[in-house]
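Asker: Generate the whole structure from the sequences, applying the supplied hints.
Chains as they are written, first to last, in the working numbering: chain A, 1 to 458; chain B, 1 to 352.
Since the hints were derived computationally from the structure, they do not count as laboratory data. A few of these clues could be false.
What the hints assert, rightly or not - Here are the simulated DSBU-like cross-link-like pairs (lysine-lysine), alpha carbons at most 30 Å apart as the crow flies:
id, chain 1, residue 1, chain 2, residue 2
1, A, K114, B, K130
2, A, K86, B, K142
3, B, K181, B, K142
4, A, K86, B, K130
5, A, K114, A, K382
6, A, K31, B, K109
7, A, K442, A, K114
8, A, K409, A, K426
9, B, K130, A, K82
10, A, K82, B, K349
11, B, K109, A, K114
12, B, K56, A, K82
For reference, the chains in residue letters:
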Amino acid sequence: MSSIPVTLITGFLGAGKTTLLNHILTGNHGKRIAVIENEYGEIGIDHELVIQTDEEIFEMNNGCLCCTVRGDLIRILGTLLKRRQKFDAILIETTGLADPGPVIQTFFMDDEMKAQLRVDAVLTVVDARHVLLHLDSSEECRKQIAFADIVLLNKTDLATPAELDALEKRIHAINATAKIVRTQNSVVDLDQVIGVGAFDLDKALEIDPELVAQEPRFEYGGLYRLEAGDYEYALNDAQGGQTIAFFPVTEVSHHGLHHAEHRAEELFGRGPEPVAAGGVINPEETPSLLAPSGTSFVLRVPAAGAYALFTGHNPGETGARIVRDGQAVEAAEGHGFGSHDPHAHEAHDHGHEHEHNHIHEADISSVGIDLPGNLKLDPFQKWLGELLQKKGADIYRFKGIVSLAGSDKEFVFQGIHMLVDGRPGKPWGTRERRNRLVFIGKHLDRAALELGVRSALA
Amino acid sequence: MEPASALAKVAAARPPRWQWRGADCVHSLQWAPHGHTLAAATLAGELVSLSAADGKVRWHVADAHPGGALWCVFHPTEPLLASGGQDGAVKLWQADTGQLVRVVVHEPKRWSELGAWSADGEFLATAAGKAVSFWNAAGEAKGRTADQKATVAVLAWHPRDAALLVAAYGGLSVWTPGAAKPDAFLERATPVLAAAWRPGGEWAAFGTGDASMEAWRVGTEETLRMAGYPTKIRELAWHGTGDHLSTGGGTNVVCWDFRGDGPAGSTPIEFLGHSEFITALAPHPTDPRRVASAGRDHLVFVWQTGADDPVAMRAVPDSVPLHVAWQPRAAKEPLLAVGCEGGEIVLFKVAG
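Answerer: See below:
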């Protein structure tokens, strides 16, 4: 039995979901499409088969998150599927407040649904003019973008090209893998939204290396002239595990900072070493991961000279400072790399060519990892399993194409929350064997995720 | 699925007495209390009344519930048929002529998913969404329950009393028509998909979405739970005297012995015959040892406690049987009606 594709359409009221539905339904595709619409949805769909439903979240198996499904969909689709005349596609429209997780899980967890239906794609419609407001104020809005395979950036006629570009950057900061389609009046080529196969591992999962390109993982870098001995590295409050790199440099100058920045990028690419609260930070070849609870650390300088300090958060936010004898040591050269870093304005304009588009989406973001080499199957599986077990609730979508030692094919996988689906993909052939993974979720710890993958390298 | 040739062989050896085909999936199949006619509701929106003797259509309403007719039930004593469907309507019909008597309620955009008459016929309970409404045989409103945690999934009247068991995701409750609060409640954090009173009325069994069967001594804290079924349990059948409970939730009919200390810790009887999941069970109307089962393998069996092999096997090669219903008040051997996914209603004679 071939399964029927289900497209999930999410988005806030007024974003253009109904217009999109109407556009799809009236398209000249000859498909028989059933629509399941939220009870409180916008009205105006003129179609023979529109069924309204009220979101009913069913927890199964003692509230296990990945077993949370939509009971209303199981009931309604169960009845629809018994009909003699079958459907070519099913569209499910949810409200702006609905959690897409249980909807998707319904089609993976429920045996009857799984046997007859498959999720084709999650389509999130956003209103180019109003979405900024929602992005800032609503976690649901960010979450719907996080879950999306396709973001329909709608009503583009109401925004300037520069605003649209900025919006796309913001959307990609949340969800690095979503395909963004710009539309007016939700008019979109149906092939772009139906039959996408976003959950289909056989359809050769692709991760655009551009989209998972490493963003700068530090927000501040400074060069300091330090004497031998111990300094205090103090923070205002416990700032929650930021990563810092501390290393000697040869030149204290604008050029020297530029040079140090490249060195810092290299160091930040390595797994950090944890440092306990009050612990010692040595100038190292690896960055230090400061204990989340710590507000004071020892910065140990082995010999007088010039040193660079690059930090995960900018000092304007954390109040981080280097202190000796009660006096804060000022940087000889300093630069902020974050978009909302107060230092960015006061720092010298040194004309870097780099694109520093690190945008803090505060809670929900994407972490892309791209490492050459091969992974050992057992430690990799163990790490991923434990990660999902512990952090699955905060991981909305993830996918990866990895190179397993001993296999001549890619291993492709993807999942939502704690559910994971994986299998061998294309042969590597002569291509460079790399590991590309993307995690989209809340409170993701980039350093820990990267360390996890790195630790499984053969 | 059984090989087509095997199914064809069984069907040829034991052909049905008659077969009728509706326009779409049979969603409800009911015998009239006198046992001479059958009524069915189909997802094409039809209501049909068929003569048991020859399968002739006594009456047929093509658009009784546009969008899909979901249920129909005969009044236990009056010639009255109630029905409901995806159009959100509950209707009363003259059972012998198919004349519409009354539209009891019409709530468009809500599916009327369930309906059941109380044992004495005084109340009709109907469910649309999270609440249950009560009506009398004239179609007058007689109260409404509070909202359940989720859409009501099961209605089951007590075998004698005006007490309605209502099950949904969240638990089970027992209601007296018109009461503001339930008489009893049992909380469950799982979808409850089936429920049935034991013939004596003291216990109710229910099947859940997490593949377990439970029995509840209604109104008490006493429950017992049998877990580990292959799939969700939608099929429950108390045998005539209430000594045995047959359950689906997989390919085997699992039959628990409720005599004496009950089934806790005991090994159930397993009737092995189906090769795909069971879709329906029906207790024999007179023989408490027997139960009929239908499966997605296109087969219908009749089982008997004490016998490993089925006492009867029938096949529906062209469709998946979803309902089985025994003829009530039969003089000798009751007939077995089967309602199918493709719209077929098939009547078998089952000699034993």
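Asker: Decide, hint by hint, whether the structure agrees.
Answerer: For each hint, the structure was consulted:
| no. | hint | verdict |
| --- | --- | --- |
| 1 | A:K114 <-> B:K130 | 26 Å, holds |
| 2 | A:K86 <-> B:K142 | 39 Å, violated |
| 3 | B:K181 <-> B:K142 | 15 Å, holds |
| 4 | A:K86 <-> B:K130 | 28 Å, holds |
| 5 | A:K114 <-> A:K382 | 27 Å, holds |
| 6 | A:K31 <-> B:K109 | 24 Å, holds |
| 7 | A:K442 <-> A:K114 | 27 Å, holds |
| 8 | A:K409 <-> A:K426 | 5 Å, holds |
| 9 | B:K130 <-> A:K82 | 23 Å, holds |
| 10 | A:K82 <-> B:K349 | 27 Å, holds |
| 11 | B:K109 <-> A:K114 | 27 Å, holds |
| 12 | B:K56 <-> A:K82 | 25 Å, holds |
Hint check: a violation occurs at hint 2 only; the rest are consistent with the structure.
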